[in-house]
Amino acid sequence: MQFKAMILDNAEVSPGYWRMRMTAPPEMTAARPGQFVMVRVNPSIDPLIRRPFGVFDTGILQPAYTGAAPQPYLEILYRVVGKGTAMLSGLHETDLLDILGPLGTGFDNGPAAEEKLIVGGGVGLAPLYLLAKELVNDSPVRLFAGGRTKDDLLCITEFERLGVECYTATEDGSLGEQGLVTKVLESRLETTSNKGRIFACGPHGMLKAVAAIGTARHVPCQVSLEGYMACGMGACLGCVCQGTGHSAETPDYRCVCTEGPVFDAAQLKWEVA
Amino acid sequence: MKPDMSVTIASLTLRNPVMTASGTFGYGEEFKEYVDLETIGAFVTKGLSLKPRAGNPTPRIVETPGGMLNAIGLQNVGIDAFIKKKVPFLRSVNTPAIANFFGYTPEEYAELAARLDGIPEVAALEVNISCPNVKQGGIVFGTDPAAAASVTAACRAATKKPLIVKLSPNVTDIVEMARACEGAGADALSVINTLTGMAIDLERRKPVLANITGGLSGPAIKPVALRMVWQVAKAVKVPVIGIGGIMSATDALEFILAGATAVQVGTASFVNPGAAQEIAQGMEQWLAERGIADVRSLIGALQE
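Protein sequence lines, in the order shown, are assigned to chains X and F.
Its first residue numbered 1, the first sequence is counted upward by one per residue in the numbering used here.
Its first residue numbered 1001, the second sequence is counted upward by one per residue in the numbering used here.
Calculated directly from the structure, the hints in this document are not laboratory data.
Mixed in with the good hints, there may be bad ones.
Lysine to aspartate or glutamate pairs mimicking EDC-like chemistry, simulated, CA-CA at most 16 Å apart [unchecked claim]:
| id | chain 1 | residue 1 | chain 2 | residue 2 |
| --- | --- | --- | --- | --- |
| 1 | X | 150 | X | 172 |
| 2 | X | 269 | X | 226 |
| 3 | X | 4 | X | 98 |
| 4 | X | 183 | X | 172 |
| 5 | X | 83 | F | 1111 |
| 6 | F | 1086 | F | 1111 |
| 7 | F | 1051 | X | 249 |
| 8 | F | 1160 | F | 1111 |
| 9 | F | 1051 | X | 252 |
Hey, can you work out the whole structure from these sequences and the hints?
Here is the structure:
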């Protein structure tokens, strides 16, 4: 689906991290956690290519006055890393954006009442909030959020409001445990004798470590990957990742955009960078 | 009055001059939600090879000002999977599908041309000659007129379908390449493929693409493409298909004026999946607004 979205709110939630709410067609509220949108930052040719963002949240705003229609909305959470995201952060309420989505696969929630372990690194938390919102309906949910400093830990209060038990870790110790979030995840799995199901999104190094934990402890693990993509619909083949069977002789490239971005961690080859 | 937008490439009549460029439109089906395929002239498949190809390691693409570099490495499903999995969709669409393909020896090219010739759903063949000739020590077919002619002749002998040769801009004299391919039996020429370029990550002191270099596409290359289409169209008798940074109907019409009979929309489909359809409609509207009855009257109509 392609649509014009009007920005309702665009605010810096932590240094360098922004949260944007925009109008969306009603279909957008059916987006699965883990799906993403391709945003055209502006109609000119620089930047040219759309930017992919995980769906942070969707919902319906109740009308401010009687007689007005309820307004479905879409939210993204993004970090300013380059020209496109810098321009995005400069946009204001009522500015328009051209959006494609929802695209890609979503997370598989797994059975009810099972412990759900959500692991997010930095802006990797973006697609995990919508997931947590769904999972809390039928399962105990724990969030493991990691970052370099406390500024990289985003929207923890929002997760807490959902009733999610939050664990945090920072590399500099400025918030939560000092060190990597994967250590905190491991100690939880140690306590519960490896019960539950892992959902992770974040930097490649973190995902690789989480996938290894899942494999070693026989805990099902899904990861949401990032990929440098031009189209988002399986045509440019820019964003591919390698499946377990991949070798030069037996290529097993998968499109992050259409076969992912959510993958069963056991289906991917992690040895490569 | 509705202008006549139809154009002819060899024995192939297109309802309008707008095609999609190879490698930017999958095998057609990927875009069906965004483009009514029956509103465009033709669509060109991702480049096919005899065996499936894995393509290059990532990063494979990077954005540059007004364009993008890609080094996908010709990843494709191979001819067998194409026939089994992709051809049924082509059958369901009333728009010519053009199969783009490549090989590493003239014999491989000929074998592919012969196999594609046998598929009724394939309306025409587009030869990508930008591959290294493994037999002759890696010399690129697309940059050597004699090698390009040998590939064209080999394909010509293997198919009766319209044969389009897609030229590389990474040559000293594209006119010489165009003449060589025309002389060897090409029915039309696609001008141009991507321009070789590179991007550097200063802080890491590394090339951005795993392949180091890649092909530049997008609006950044349009002036170069226009110049080459203009040069080639003046030098050959066969139709020229203009390609390079077309983002709008007016871009496309500039190529027609420069001498192109048809155009291909590439990178624009990534930015806006409905681009090809919008460009076809926009061209028709442009003609209608000016009372121009026939798009063919604009081909090469540049006033110099």
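Each hint, compared with the structure:
A hinted pair counts as satisfied when its Cα atoms are at most 16 Å apart, and residue 150 of chain X with residue 172 of chain X qualifies at roughly 8 Å. For the suggested pair residue 269 of chain X and residue 226 of chain X, the alpha carbons sit about 15 Å apart, so the restraint of at most 16 Å is met. Between residue 4 of chain X and residue 98 of chain X the alpha-carbon distance is near 5 Å, which keeps this suggested pair within the 16 Å criterion. Of the pairs offered as hints, the one joining residue 183 of chain X and residue 172 of chain X holds, with about 15 Å between alpha carbons and a cut-off of 16 Å not exceeded.
For a cut-off of 16 Å, the pair hint linking residue 83 of chain X to residue 1111 of chain F is broken: about 46 Å separates their Cα positions. Taking the CA atoms of residue 1086 of chain F and residue 1111 of chain F, the gap is about 19 Å. The hint is violated against a cut of 16 Å. With a CA separation close to 11 Å, the supplied pair residue 1051 of chain F and residue 249 of chain X stays within the 16 Å bound. As the CA atoms of residue 1160 of chain F and residue 1111 of chain F are separated by approximately 14 Å, the hinted pair is consistent with the 16 Å bound.
For a cut-off of 16 Å, the pair hint linking residue 1051 of chain F to residue 252 of chain X stands: about 14 Å separates their Cα positions.
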